[in-house]
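Here the structure of chain A is known, so what remains is to put chain B in place on it, guided by the hints.
So the sequence lines, in the order shown, correspond to chains A and B.
Those letters in the first sequence? Residues 1 to 291, by the numbering used here.
Those letters in the second sequence? Residues 1001 to 1331, by the numbering used here.
Hints in this document: simulated from the structure, not taken from any laboratory.
The reader is advised that the hints may include incorrect statements.
Below, computed lysine-lysine pairings styled on BS3-like, alpha-carbon distance capped at 30 Å [claimed, not checked]:
hint : chain 1 : residue 1 : chain 2 : residue 2
1    : A       : Lys42     : A       : Lys4
2    : A       : Lys71     : A       : Lys30
3    : B       : Lys1166   : A       : Lys42
4    : B       : Lys1106   : B       : Lys1007
5    : B       : Lys1172   : A       : Lys42
6    : A       : Lys30     : A       : Lys42
Since the model is a prediction, treat every value here as computed from it, not as a measurement.
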Amino acid sequence: MIEKPHHIPARLGLLSATAADPFLTEDLLKGVQGHAGIDLAKVVEPLPEEDPRWDVEPLRDLVDDAMYQFKENRTEADGWLAPRLHATLRLTRREAADRRIWTHLALAVAPDYVAWRHGPAPAQDRNMRINPARFKGAADRQCFSRLWWAAEMFRNGEDYGPVVTACSNQDLIHNALRMDLIDHRPTAQALVRILERGVASTGREINGLLVAISTAGATLVYDALAPDEPRDPEPLRAWIEEAESAPPVPRHTLPVGPDEERVPEASVAALADYLVGLFETAPIRGRTPQP
Amino acid sequence: MKFYPYKRLNRPISLRVTSASLKLPDGTREHLDTSAYSVPQRTVALGVAQRDDWISARIGLSATLPPGATDPDAPWSDLRVLAVLTDGDTNVRTTVDLRQDAPDSKEWAGDIEVLRDDHVGRATLAVHAVATIDDVPGRSITETDADWAVDTVAEEPLGGLTLDVKQASFSKSTREWLRPYSDAPWVIDASGRVPLVMVNTDVEGFSDLLGGNSGGVESKVQELLLAQMATDVWTAVFHSALGDLEVEPDGSPVFPTDWRGEVLREMLPDVVPGLRAEEALRQVHRRRTGDAGWVELQTRVHYAAVRRASASKAVANALRALQQMNREDSA
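Looking at chain B on its own, in the form it has when it is part of the complex:
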């Protein structure tokens, strides 16, 4: 828990996105409809317009302060409300002042500009209330407790881990690095900005099966294969995220800001149950780099991956389908 040497508000600011529009190269604006943002997912998807020539996006924001912020006897003055957009991939930090709807109102609103040249994927949007307390200006008195994500490429406002899935003939692809793997049905590359799954079309019928919608045993096998791939993906991304950790001068590891951070936060509760995220990360990092215990942890990592991939459901469904088929054959 953080300690603040002054009085703060103990409830968070609530933030809503109220509009989004793109500025195009000819200077005109394209307004995005409400499908571009999702309140439950706290995500804005600027890719909904399916164009990649926009210059900047303007996102309309509305923030509600908790009770007490504007009390006349509050122990602060010069209250300001700032929206801050940050991006760990590009080190961009953009700040804008929101305007109070009316004197003494808890409602503040404004717009923030998102430049396309400044972001690759996801940026994070938060709101801070700032005031002068005990003659110290710029004190943070409360903030949003859950950030919004502004995704500059996604076509749907979805949270969580995004995967890139591509199909190619491994033996003939122009991506020559795939050739040594031409006898594998799929490979995973977790080194990029988002994890990439390459599906090998050299395996005859494989892409038909994965893309198919035929029902029956095929669909159960498809489900099983997808669960198997998903298990591989989760295992690979977990190891990739953990292998690339930044370490503070005192030796404690830092949560990455990109998808690697999301993966770790998602999986750590299953890998080392019962610990806070920071403590869990420290323990896993210690086991990997120093003390014994890394080998023993592999079972937990695999378990965390299997759970996320819904593998047991896929296996059960496939087994049931086989039993049914056998019964029909013998009948």
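Next comes chain A alone, as it looks inside the complex:
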């Protein structure tokens, strides 16, 4: 069992995967014993002092609350934590693409959360290890960055509602995050719409749908079918600016994201209908073909 570290840094920093490697011990990955936090602090590159966004305390509080609230069902913690992590750690995409910040969060601030969420379940084989990618891996695998990016890719402007729906299906966030089709906001929202309608819900169906969308995408340009609003940098900058005075994110209701333009409803509706049509004619393993 990995316990909360004795020495939690006061501020987030940058921890490169190479510098982190010696701390990803076999004991940590097997969930036996954590690392000594003091030595880790020496290899972290600090982030600018004056920026209040790098305060660790609000993040650590969130992680504690998630582990308490979802102790019976850790997978459900994703849908709760993703929007709240996103609204607490307010980043531009440029900043969020730096894996070092996520490695620091996972290894120095909340290794106990990584072990709790991704370690072997009590009923599972004791010899199983936590995948090191959960600490320092690709954006769609690392414990915290996958949640942050899920929130970023599936929020509709300031509305985090679609993020909760997307995270309720592990197959969707597991596979969609590494495909570039959700980089088009209307496609991401249309996927959530399809999930809400209950058209595709099992893992196989979701994967079949994603494959059908990307196959059709080879001949279709979805941007032409479903236009999006142009990106405006100002609302996000203002929201990041407000981080200093923002109260802790609400625990029972959803936080409010940056005041960006929502995805045009007409685009989402048209694309959802179109994708359902693709899905119904797509060959899905385990499904009998429709006559």
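Relative to the frame of chain A, chain B by itself:
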């Protein structure tokens, strides 16, 4: 080869960047001169202005469609030309409609906005011609065959692999992770966004030699050392790129979108000659993760690295310089 269930144009769109300007925090615009972009390298370097406070960049584009796109009897209608900017590091996708210069013209033009907050390094720019065919809107009828790169930090429009080279005293650096390596002349960290070479200034005279421009034997030794470092770098980045591959549900590996992808495309033809890039990647991935053959491949990996580092030229030059020196000594 892709199969399209409808008629397409069989020639690509040609794309040119015609202007670039930065929007600054005070609302003014700084126009970048033509040194900010290179047609042969297909690269725009937004770092030429050497400022990091810009909000967005506007890039002027001009696209020429292949013959046949605007024929009155073409089997499509509602022709549109879209410029699409994508970034695999930040999952950003920006699309903009280009405008036709004149009715029935093959020339289309427009601007695309690149937000600084949205990119870390390189974004990719492509153009698609889209039309309604057989009542299906949004069909792609042709596109650019070679993308442009928009580099938000580079100060020169150069293609290919970029390296970060830094010097530090390994035993005294604030980067404490370097201390265990204090007896190594250099180390390579291939885990970051761009590969980093750290040169150890604890080795006396080393950084003078590398930075020097003295000619004679020194410059040959310098060349030899640089080739040695470059061989190490190419080997490290190849292994790093291959160790971090995404795999499709059917088990086939995917080319990474960042520098790792560039490294693999560059080196694979030397590692497994005679195969298409995708097939070569599959084979190398299979050898690494499953079947036997990974050990045997190391010679090829090393060979690919040595070629890229021009090591044989450096060795030959150094040997010749030594011979010359010996001759002068004995004369």
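Hints the structure fails to honour: No numbers; nothing is violated.
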